[in-house]
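Asker: Heads up: the protein sequence lines correspond to chains B and R, in order.
First residue of the first sequence: 1, per the numbering used here; consecutive thereafter.
First residue of the second sequence: 115, per the numbering used here; consecutive thereafter.
Incorrect hints may have been included.
Claimed, not checked - Selected chain B positions facing chain R (in silico; Cβ < 10 Å): (1) Ile15; (2) Lys44; (3) Gly58; (4) Ala92; (5) Arg100; (6) Tyr104; (7) Gly106.
Claimed, not checked - When the alpha-carbon atoms are kept at most 25 Å apart in a straight line, the in silico SDA-like pairs for lysine to any residue are as follows: (8) R:Lys156 / B:Thr24; (9) R:Lys156 / B:Ser49; (10) B:Lys9 / R:Thr201; (11) B:Lys44 / R:Lys224; (12) B:Lys57 / B:Gln17; (13) B:Lys57 / R:Lys224; (14) B:Lys9 / R:Arg151; (15) R:Lys224 / B:Met41; (16) R:Lys212 / B:Leu13; (17) R:Lys212 / B:Glu72; (18) R:Lys156 / B:Asn30; (19) R:Lys156 / B:Arg77.
Rather than coming from a laboratory, the hints here were simulated on the basis of the structure.
The beta-carbon is built from N, C-alpha and C at its ideal position, and this holds for glycine as well.
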Amino acid sequence: NAGVTQTPKFRILKIGQSMTLQCTQDMNHNYMYWYRQDPGMGLKLIYYSVGAGITDKGEVPNGYNVSRSTTEDFPLRLELAAPSQTSVYFCASSPYKDSRNTIYFGEGSWLTVV
Amino acid sequence: ILNVEQSPQSLHVQEGDSTNFTCSFPSSNFYALHWYRWETAKSPEALFVMTLNGDEKKKGRISATLNTKEGYSYLYIKGSQPEDSATYLCARNTNAGKSTFGDGTTLTVKP
Numbered sequence: 001n002a003g004v005t006q007t008p009k010f011r012i013l014k015i016g017q018s019m020t021l022q023c024t025q026d027m028n029h030n031y032m033y034w035y036r037q038d039p040g041m042g043l044k045l046i047y048y049s050v051g052a053g054i055t056d057k058g059e060v061p062n063g064y065n066v067s068r069s070t071t072e073d074f075p076l077r078l079e080l081a082a083p084s085q086t087s088v089y090f091c092a093s094s095p096y097k098d099s100r101n102t103i104y105f106g107e108g109s110w111l112t113v114v
Numbered sequence: 115i116l117n118v119e120q121s122p123q124s125l126h127v128q129e130g131d132s133t134n135f136t137c138s139f140p141s142s143n144f145y146a147l148h149w150y151r152w153e154t155a156k157s158p159e160a161l162f163v164m165t166l167n168g169d170e171k172k173k174g175r176i177s178a179t180l181n182t183k184e185g186y187s188y189l190y191i192k193g194s195q196p197e198d199s200a201t202y203l204c205a206r207n208t209n210a211g212k213s214t215f216g217d218g219t220t221l222t223v224k225p
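Here chain B stands alone, though its shape is the one from the complex:
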């Protein structure tokens, strides 16, 4: 019953450092997503992927990069961490059988940039 697994759960970064948030899903879903959630705000889409080898920008892509070399994995990379990237990050996936497209979320990664 793994579902969507993301690591690490908590991380503190210094300004300018780089890191990768890992995400893997074992449900054979085509679609994968990265969202961020800032205090008092909803979920904002950073990047998404409709299948291996295909990625696209969401609402707030600046400062991030992604890759999708396999169906299972969708890592999110922060190249030069900035305080504005302090947030909770959620990886998610969906089967996209049709337009109903329910999303399944990971448990979140709390990132603080100091």
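For chain B, the structure is supplied; the task is to place chain R on it using the hints.
Answerer: Chain R in isolation, oriented as in the chain B frame:
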């Protein structure tokens, strides 16, 4: 309505009260409307998905309705319990599988 909007932002009720909140969304190019329940320190979990105008869904004490022509959905909780305390998110689907989320309504049920 250009974005998905939820109201109220937060709600405090007593145990046993019934309550409802609203999700408003652009009615054009509508494909589906989701409600998710998001407990603190956990990840959002799907409650309902609705696609047709007039759809009604129910799960225990929680139900939802959909009006695609005017672009809104209501979520109702009958006889609120402390375990219902959570943030309730709605999301509107476009084609191509992208979901736009509202900012959520945070419900606190006091014993």
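Asker: List, from low to high, the hint numbers that the structure doesn't satisfy.
Answerer: 1, 11, 13 and 16
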